[in-house]
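Working from the sequences, and respecting the hints, build out all of it.
There are 2 protein chains.
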Amino acid sequence: MAQKNKSSEKLKELGKKIVNDIDKNKNPNLEIPIRALSNIVYNKKTKTLELGNKTANRYFFNIAHAKKFLQTVEVASILKKELLDTGKHEHLRGVFYIAKRTIPETNINLVDDQTESDKIIEDLEVITGLSREQLHVSANKMGSMVGSITLVDSGDTIDCSRLGKGGYSIPSITDELDFKKVDAKYVLYMEKAAIFERLNEDKFWRKNNCILVTSQGQTTRGIRRLLQRLAEEKDLPIYVLCDGDIYGAYIYSVVKYGSIALAHASGRLTIPSVKYVGITMDDVNKYDLKKQLIKLTDQDLARMKQVSEYDWFKDNKDWQRQFKMMKELNGKVEIQALATKGVSFISEKYLPDKIKNKEFLE
Amino acid sequence: MAQKNKSSEKLKELGKKIVNDIDKNKNPNLEIPIRALSNIVYNKKTKTLELGNKTANRYFFNIAHAKKFLQTVEVASILKKELLDTGKHEHLRGVFYIAKRTIPETNINLVDDQTESDKIIEDLEVITGLSREQLHVSANKMGSMVGSITLVDSGDTIDCSRLGKGGYSIPSITDELDFKKVDAKYVLYMEKAAIFERLNEDKFWRKNNCILVTSQGQTTRGIRRLLQRLAEEKDLPIYVLCDGDIYGAYIYSVVKYGSIALAHASGRLTIPSVKYVGITMDDVNKYDLKKQLIKLTDQDLARMKQVSEYDWFKDNKDWQRQFKMMKELNGKVEIQALATKGVSFISEKYLPDKIKNKEFLE
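So the protein sequences, as listed, match chains X and B.
Using our numbering, the first residue of the first sequence is number 1, and each one after it goes up by one.
Using our numbering, the first residue of the second sequence is number 1001, and each one after it goes up by one.
Just so you know, the hints here were simulated from the structure itself, not pulled from any lab data.
By construction, the Cβ of each residue, glycine as well, lies at the ideal position given by its N, Cα and C atoms.
Be aware that a few hints might be false.
Pair ranges (Cβ atoms, derived) [to be verified]:
1. B/I1294 <-> X/K203: 46 to 52 Å
2. X/K17 <-> B/K1295: 55 to 61 Å
3. B/K1317 <-> X/E9: 51 to 57 Å
4. X/E233 <-> B/D1315: 57 to 63 Å
5. B/D1311 <-> X/F179: 30 to 36 Å
6. B/K1207 <-> X/P272: 40 to 46 Å
7. X/E233 <-> B/N1357: 47 to 53 Å
8. B/P1352 <-> X/E9: 53 to 59 Å
9. X/K203 <-> B/K1180: 19 to 25 Å
10. X/A64 <-> B/D1315: 41 to 47 Å
11. B/N1357 <-> X/P272: 32 to 38 Å
Calculated from the model, a selection of chain X residues having no Cβ within reach of chain B, i.e. all distances over 12 Å [said to hold, decoys possible]:
12. L51
13. T55
14. H89
15. F96
16. L163
17. P272
18. S273
Shown next as structure tokens:
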């Protein structure tokens, strides 16, 4: 059965459960796993941020719950009828507008603000165990991919080794992509599109037989899921390339362990095997980049304190050492600083050496 | 002669001119068109923001000019040797790092901050008459394209009608793309990638024989140049789809007339023939979207006052009418509001009708 039918079935079950409650003269209710910090645990074994097993009940006959109960049922109905049953996808903002109806014979809108419908969609994720993507709801489209991979996207076969300087534009939902042929030995993911363009122009992926992925901005769910699928289904190592600062470390940690906001989706997003390739404070010494350091701000230091105390960082000696060096050098370093060694130093020397010598942080 | 050789020659001429000054015992100088607001004019005939003809001289033997003179010569040398002569491209940030050298036998850096090297690159654009792209300097990579167009990018032939839901990821420099086969009747450019995904999933471009382009964020120079080239070289109408607010109006005006910051590059970026397809205040009435209006903030009103008084808006009766309606309705409207009429209303009804009936704003 196609995923959209499976998802549709799950929502139908939810509706049946409520009808059942009504038939039995019970107060209709929904049991919802709690998504607050109090119910988020770092699982040391699987190395992911996960939801605990605390749940809450949402009742129809309860003044404090009634509106949210109605929102949940209505949004579930929209997702089933408008999206899953038609095979269409809609963005969070579009779902909000569809849900923004006036409740008949009242002046009350079902939802007034997008945060309300967004939360309901997250509730439906945890209630059904389906991801937002499986419910056909998308968010930002971002990022590009090139390299030794051929995939099928909506019936089109796309060879990512023949897409010039531009590359394949990654869709917001990557669950439905089909990996047809993957010759690459690893995937290199970088936040900065500038570096992606540098490496692509140098045909780094051809010389090193790999896949390049960039986001230009935050790592979207679509990109995280794409990387996870390449790691799990194609057994590819995933290497992350970020700036040598606390934000780079955090970007890496989200790809590896997950984030607090999306702990309920960890299973479909995190990649415990991912490795950090650079740029590190050791690189600053090794490649003589001290002059390229940018002084830490108070904000950097405050964020570093916070991040270094997270459960998933606090026992990690290698990263704690990095944080210590940042403080001692009182500086952070950007990937682009490598350009001082020559425009193509990063693709001809820096990355091949680091990857060959397995100089990674875990 | 390839563009990179032409660009390299231009920079060589610049160097020769300086050597010539030195040989003649003249104070070496560079004449630079002024890029301040005082030298920016709106040309009503060509409908573009342009630089006037005021210039300034930058002398080597002048304490106030010497550092900038040196920066100009050094950055010109970097662009020639490291980029044009090798055929490579580098981002603004990378050029900054390459230029960030200590001047020998001093403690002074050639540049300390990226704004310095960015300004020098703009100076070199106006001095040489070459665009930043022709000097092989890039900025943000952003945006996607799908539709009835086949192009050649760095030797790869790319059919944008066979790239699934993702599409072609637009590179930061689009000057070098080759349009091999264009069947489309028009180009639809939209700021929001969410709308792009909606239209692409509905195969709007196939049913309406067009090209879809999105930026997800500001319209980069690469996208503006791409649209301009499609308008000029392929004689395609370009339609812009934005939110019905003052920011949407401004995005449209930048694509059409140019911007103050990039007035010196207008010739290579503006598209006087571009038309605005929606969403308008008239659509709010016609499609019964009053309930979807979002109340104007003080910021919206202040920006509307500013934009409506710009030379390129103040005599435009159609736009002034839109601004008046926004004020009267005290609201703005998002493209996604059309989802209240059905997920695919935009692709099946709204856009086909508006384009067929030529309901455009100019």
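What are the numbers of the hints the structure violates, in ascending order? 2, 5, 8, 10, 11, 14, 15 and 16
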